[in-house]
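Top line first, the protein sequences correspond to chains A and B.
The first sequence finishes on residue 518 if you use full-length UniProt numbering, and the numbering steps up by one all the way, no holes.
The second sequence finishes on residue 371 if you use full-length UniProt numbering, and the numbering steps up by one all the way, no holes.
These are computed hints drawn from the structure, not numbers from a lab.
These numbers come from a predicted model, not from an experiment.
A few of these clues could be false.
[Stated by the list, open to error] Listed below are the simulated SDA-like cross-link pairs for lysine to any residue, each with C-alpha atoms no more than 25 Å apart in a straight line:
{"hint": "1", "chain 1": "A", "residue 1": "Lys248", "chain 2": "B", "residue 2": "Lys212"}
{"hint": "2", "chain 1": "B", "residue 1": "Lys139", "chain 2": "B", "residue 2": "Arg365"}
{"hint": "3", "chain 1": "B", "residue 1": "Lys139", "chain 2": "A", "residue 2": "Thr249"}
{"hint": "4", "chain 1": "B", "residue 1": "Lys122", "chain 2": "A", "residue 2": "Ile458"}
{"hint": "5", "chain 1": "B", "residue 1": "Lys212", "chain 2": "B", "residue 2": "Phe348"}
{"hint": "6", "chain 1": "B", "residue 1": "Lys122", "chain 2": "A", "residue 2": "Glu338"}
{"hint": "7", "chain 1": "A", "residue 1": "Lys248", "chain 2": "B", "residue 2": "Thr223"}
{"hint": "8", "chain 1": "B", "residue 1": "Lys139", "chain 2": "A", "residue 2": "Leu463"}
{"hint": "9", "chain 1": "B", "residue 1": "Lys343", "chain 2": "B", "residue 2": "Thr223"}
{"hint": "10", "chain 1": "B", "residue 1": "Lys139", "chain 2": "A", "residue 2": "Val245"}
{"hint": "11", "chain 1": "A", "residue 1": "Lys499", "chain 2": "A", "residue 2": "Met485"}
{"hint": "12", "chain 1": "B", "residue 1": "Lys83", "chain 2": "B", "residue 2": "Arg365"}
{"hint": "13", "chain 1": "B", "residue 1": "Lys15", "chain 2": "A", "residue 2": "His486"}
{"hint": "14", "chain 1": "B", "residue 1": "Lys139", "chain 2": "A", "residue 2": "Ile65"}
{"hint": "15", "chain 1": "A", "residue 1": "Lys25", "chain 2": "A", "residue 2": "Ile65"}
{"hint": "16", "chain 1": "B", "residue 1": "Lys339", "chain 2": "B", "residue 2": "Gly86"}
{"hint": "17", "chain 1": "B", "residue 1": "Lys212", "chain 2": "A", "residue 2": "Leu466"}
{"hint": "18", "chain 1": "B", "residue 1": "Lys122", "chain 2": "A", "residue 2": "His336"}
{"hint": "19", "chain 1": "B", "residue 1": "Lys15", "chain 2": "B", "residue 2": "Thr223"}
{"hint": "20", "chain 1": "B", "residue 1": "Lys215", "chain 2": "A", "residue 2": "Lys40"}
{"hint": "21", "chain 1": "B", "residue 1": "Lys15", "chain 2": "A", "residue 2": "Thr334"}
{"hint": "22", "chain 1": "B", "residue 1": "Lys215", "chain 2": "A", "residue 2": "Glu217"}
{"hint": "23", "chain 1": "A", "residue 1": "Lys507", "chain 2": "B", "residue 2": "Val52"}
{"hint": "24", "chain 1": "B", "residue 1": "Lys215", "chain 2": "A", "residue 2": "Arg500"}
{"hint": "25", "chain 1": "B", "residue 1": "Lys122", "chain 2": "A", "residue 2": "Thr334"}
{"hint": "26", "chain 1": "A", "residue 1": "Lys248", "chain 2": "B", "residue 2": "Phe348"}
{"hint": "27", "chain 1": "B", "residue 1": "Lys212", "chain 2": "B", "residue 2": "Gly86"}
{"hint": "28", "chain 1": "B", "residue 1": "Lys15", "chain 2": "B", "residue 2": "Val59"}
{"hint": "29", "chain 1": "B", "residue 1": "Lys139", "chain 2": "B", "residue 2": "Phe348"}
{"hint": "30", "chain 1": "A", "residue 1": "Lys40", "chain 2": "A", "residue 2": "Thr26"}
{"hint": "31", "chain 1": "B", "residue 1": "Lys215", "chain 2": "A", "residue 2": "Arg511"}
{"hint": "32", "chain 1": "A", "residue 1": "Lys248", "chain 2": "A", "residue 2": "Asn428"}
{"hint": "33", "chain 1": "B", "residue 1": "Lys215", "chain 2": "A", "residue 2": "Thr218"}
{"hint": "34", "chain 1": "B", "residue 1": "Lys139", "chain 2": "A", "residue 2": "Gln246"}
{"hint": "35", "chain 1": "B", "residue 1": "Lys139", "chain 2": "A", "residue 2": "Pro252"}
{"hint": "36", "chain 1": "B", "residue 1": "Lys212", "chain 2": "A", "residue 2": "Pro482"}
Chain by chain, the residues run as shown.
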Amino acid sequence: MIFHRKVGQAGARSSDSGGPGAPPKTPVCHTLSDNMAWLKSKIGHSADFVIRMIEPVSTPNSQLILAYIDGLVDQPGLNRDIIQALQQAAARHSGDAGMWLNELQHRFVSTGSTARSEYLEDALQSILNGMCLILADGAGFALVAEASGGEQRGVEEPSTQGVLRGPQRSFTENIRTNVALVRRIIHDPELYYEERLIGRRTQTAVGLLYMKGIINETIVSTIQDRLEAIDIDSVLESGYIEEYVQEKTFTPFPTLLNTERPDAAAGALLEGQFVVLVDGTPFVLMGPVTFHKFFQSPEDYYQRFDIASFLRMIRYAGFMISMLLPAVYIAVTTFHQETLPTLLLISLLGQREGIPLPALMEAFLMEITFEVLREAGARMPRAIGPAISIVGALVLGQAAVQAGIVSPAMIIIVAFTAISNFVMPQLNIAIAARLIRFALMLAAGALGFFGIFAGVLIIAIHLTGLKSFGVPYMAPFAPFVPGSMHDIIIRAPLRSMKKRPRILGTKDSDRRPGGSGP
Amino acid sequence: MSSPNVETSTDRVGKYQLMTAIIMFEIGSTPMFLLGIKAGQNAWMAMAVGAVAGLLVLVPCLYLQRLTGDTDWTEMLLQRLGKWAGGLVALFYALLLAYESMRNVRDFGEMANGTILPQTPKWVIMIVITTIACYAVRKGIFVLFRTIELFFPTVVMSYTTLVLFFFISDLPSVHRLRPILDKGIGQVLGEALPELISFPFGQVFVFLLFWKYVKSGTGFVRTSLAAYGVVSLFLTIMSVLTLSILGADVAQVVAYPFLEAVQLIHIADFLERLDIFVTLIIFLGLFVKLAVFYLASNLMVSRMTGLPERTCGWFLGIVIFAASFLEPSQTFHIWLGLKVQVKYVWIFQMLMPILILALTLISKRRGQASC
């Protein structure tokens, strides 16, 4: 019998757990029943572990076995490509199980990838990754064949990052589908894809995509090192990866972007960013990012540049408003009434007549109420969502004013602040603004405009001190990078954007080789 | 971790950073006071003379830095004057810088009390601003300089808008600047020198501690000179504007002439009382000056004691905050700052760098001769 001493080659997606200190592995033994007993006891006789036994006609005593997990495999494919092949091959069984398995692997099984497995641990891991295992009595190795499939959600419309114009497909939970979605946009061999398994127990596939010819090498090696360094037992969503790879700074600001849009991911790749995909979630990560990235929407590039520029400025304004407006209101009404024109002041103070709470308390009350409503809206079953929103927002607001607890101006402030928060294409920076808002309200309540000044100063110092994969977060504002301002606050016409953004230090900086053109 | 790119390299100061830092530092709180007002309607000329005279500080400093290359002020002192004398002088400079920083902390307290927060205790304002400065200083020179750079566009736009508003409201009038030089050029020179060197123009010597961190090949000499030119022009223009709006007589008696001028802006019955926002912009300048002095002092102390900068930052912050209470009253604070110290500080800003420059040149000569 021929023994191929290849260790740990149990299929493309098995773990590489042969390092020093790893427990010794159990080799596949020659007796079929022993192997089956080992597998069954390891998996705890789970009900979804399917074992199918096939007896060759010629040699009824040397049985063979097909094992897989129900639901993880593609059942029609399994029937067509493997079970049929097994039955055909069974007729040719000569008695030497090893030779027969070899023949099976190379001539009969017609799935994409097959591999030999010498150890039962590897074989079990392959089964758990959605492959099927073929064991033959008397052979000292097992065969694993790719059969993964089962129920998957299809490619659907993006649900959280919608655009009016632009592609309407979104990433799914399947990592390979997601990579393919990007490859369908960028047909370039320089689009490199690496995959590793992270999570001791979940063994989650985590992929890294980048454009070899564009991205800066330092960035690639940084993300590779940081992914390699992750050692946890589970990865359930890309948020896990995000927390582990970002710079260790205590900050409310996100230092990685996430998107569920393949076109956004492709855009990021072409600007010299990397994309990290995690199996089981449609949200992929993009980095390194700088502050302004959170204000760009893929739609900016599908619309006319003047309109896109206007919308982008609205977003910056919305961000500022959602951070500062309640604080400014508190500061003006409690400390600096003289800044307002007299008529406006009289109208405002008239409304506040009879309100029992100081402006700070009033604002806090309403802001907290709104945050509760918002969180409730996000968690509520979809069927009753709108009804509760109306009760919450309209009835509560209206009643609070009529009861004389809050002033109508405060309702306007709170509502406008809340709406401004939603203009951000990226939810995670909007949340940062919401958090900071409360701190600024306190500062304004204590020290008026000086408090806001101090708060903004702290935020600015904090932001300029942040980095994302070595790139300063506030670039290209600070440090100012000349020649890269054409896609920051405004979105210049595509024709004038001849170069990629310089802040990421891309290797190939030309977007339009040759320059001018029509 | 190393930055992926020269463009955004975070362990060097870039050209624009240096430029904005010098401009913002020199602006500081200067527009708030009408310096050299004793020269009457010619105060703006005193400002211009001060700016030109300030070159006597800047040029030797730049020359010195170019000769010594990759060393900062502390190292220059230690090299040229020896361990003991140099250390003593360096300690004196660290204290001088901390004192300058402390003055700005106190200014914050006084100004906030005098403008936007009349009822809040001074110490609250001062502790808030010292804490923020400490936060910035502990993050180091690069973060502080980037922060300054971040605010620069806001400051430029604010002052531009303000000047625009002055003209829209039709406030400036040339006749308030006349007669020009009625008491001769001597009076203007007498008012400008040496006071206006000491504050604000000579303060630029503090960059002797920062030029070392500038990216090589940036041409820091040219950049610094350009920034200095721009800011001199700006301060002179602000002086001219304030004078031409208020007139010398009014400007002499009010506490903050610039704010008085801003309060005169009335546009479309809506834009009035802009002084609060202008105060905030002035505060920003004040903060920059405070933090830069604090950082400079911190660099010197940390260099001499061998303690890490982040640790030193704490101690120095406490010292600066505590020292800001030494002056008994605002009157004393202003008297000390704008009357007394300005007569002497220029000596340390100008003569010491020139002395070190001379020593450096001599030792270079000797080095060449012996070769």
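Verification of the hints:
1. Using a Cα cut-off of 25 Å, the hinted pair lysine 248(A) and lysine 212(B) is violated, with the two alpha carbons roughly 29 Å apart.
2. The hinted pair formed by lysine 139(B) and arginine 365(B) fails the criterion: a straight-line CA distance of about 40 Å is larger than 25 Å.
3. Between the alpha carbons of lysine 139(B) and threonine 249(A) the distance comes to roughly 12 Å, so the proposed pair stays at or under 25 Å and holds.
4. For the proposed pair lysine 122(B) and isoleucine 458(A), the alpha carbon gap of about 20 Å is at most 25 Å, so the pair holds.
5. For the hint pairing lysine 212(B) with phenylalanine 348(B), the CA-to-CA distance comes to about 20 Å; that is within 25 Å, so the pair holds.
6. Under the criterion of a C-alpha separation no larger than 25 Å, the hint pairing lysine 122(B) with glutamate 338(A) is consistent with the structure, at around 22 Å.
7. For the suggested pair lysine 248(A) and threonine 223(B), the alpha carbons sit about 35 Å apart, so the restraint of at most 25 Å is broken.
8. A hinted pair counts as satisfied when its Cα atoms are at most 25 Å apart, and lysine 139(B) with leucine 463(A) qualifies at roughly 11 Å.
9. As the CA atoms of lysine 343(B) and threonine 223(B) are separated by approximately 29 Å, the hinted pair breaks the 25 Å bound.
10. With a C-alpha separation of about 22 Å, the suggested pairing of lysine 139(B) with valine 245(A) holds against the 25 Å cut-off.
11. Restraint check: the Cα-Cα separation between lysine 499(A) and methionine 485(A) comes to about 11 Å, which is no more than 25 Å; the hinted pair holds.
12. Distance restraint check for lysine 83(B) and arginine 365(B): the Cα-Cα separation of roughly 22 Å lies within the 25 Å cut-off, and the hinted pair is therefore satisfied.
13. Simply put, lysine 15(B) and histidine 486(A) have alpha-carbon atoms about 20 Å apart, close enough for the 25 Å limit, and the pair holds.
14. For the given pair, lysine 139(B) sits about 65 Å from isoleucine 65(A) by alpha-carbon distance, which is inconsistent with the 25 Å threshold.
15. Between lysine 25(A) and isoleucine 65(A) the alpha-carbon distance is near 21 Å, which keeps this suggested pair within the 25 Å criterion.
16. With a CA separation close to 29 Å, the supplied pair lysine 339(B) and glycine 86(B) exceeds the 25 Å bound.
17. Between lysine 212(B) and leucine 466(A) the alpha-carbon distance is near 23 Å, which keeps this suggested pair within the 25 Å criterion.
18. Distance restraint check for lysine 122(B) and histidine 336(A): the Cα-Cα separation of roughly 18 Å lies within the 25 Å cut-off, and the hinted pair is therefore satisfied.
19. Proximity of lysine 15(B) to threonine 223(B) is assessed by CA-CA distance (about 7 Å); at most 25 Å being required, the pair is judged to hold.
20. Restraint check for lysine 215(B) and lysine 40(A): not satisfied, since their Cα atoms lie roughly 66 Å apart, outside the 25 Å limit.
21. For the suggested pair lysine 15(B) and threonine 334(A), the alpha carbons sit about 43 Å apart, so the restraint of at most 25 Å is broken.
22. With a C-alpha separation of about 22 Å, the suggested pairing of lysine 215(B) with glutamate 217(A) holds against the 25 Å cut-off.
23. As the CA atoms of lysine 507(A) and valine 52(B) are separated by approximately 46 Å, the hinted pair breaks the 25 Å bound.
24. Of the supplied pair hints, the one linking lysine 215(B) and arginine 500(A) holds, its CA atoms being roughly 23 Å apart against a limit of 25 Å.
25. Straight-line distance between C-alpha atoms of lysine 122(B) and threonine 334(A) comes to about 19 Å, which keeps the hinted pair within the 25 Å bound.
26. Under the criterion of a C-alpha separation no larger than 25 Å, the hint pairing lysine 248(A) with phenylalanine 348(B) is inconsistent with the structure, at around 43 Å.
27. Between lysine 212(B) and glycine 86(B), the direct Cα distance comes to roughly 19 Å. Compliance with the 25 Å bound is thereby established for this hinted pair.
28. Pair hint lysine 15(B) plus valine 59(B) holds up; C-alpha atoms about 18 Å apart against a cutoff of 25 Å.
29. For the proposed pair lysine 139(B) and phenylalanine 348(B), the alpha carbon gap of about 28 Å is over 25 Å, so the pair is violated.
30. As the CA atoms of lysine 40(A) and threonine 26(A) are separated by approximately 14 Å, the hinted pair is consistent with the 25 Å bound.
31. For the suggested pair lysine 215(B) and arginine 511(A), the alpha carbons sit about 28 Å apart, so the restraint of at most 25 Å is broken.
32. Restraint check for lysine 248(A) and asparagine 428(A): the C-alpha separation of about 18 Å stays at or below 25 Å, so the hint holds.
33. For a cut-off of 25 Å, the pair hint linking lysine 215(B) to threonine 218(A) stands: about 20 Å separates their Cα positions.
34. Restraint check: the Cα-Cα separation between lysine 139(B) and glutamine 246(A) comes to about 19 Å, which is no more than 25 Å; the hinted pair holds.
35. Our distance criterion of 25 Å between C-alpha atoms is met by lysine 139(B) and proline 252(A), whose separation comes to about 18 Å.
36. Between the alpha carbons of lysine 212(B) and proline 482(A) the distance comes to roughly 23 Å, so the proposed pair stays at or under 25 Å and holds.
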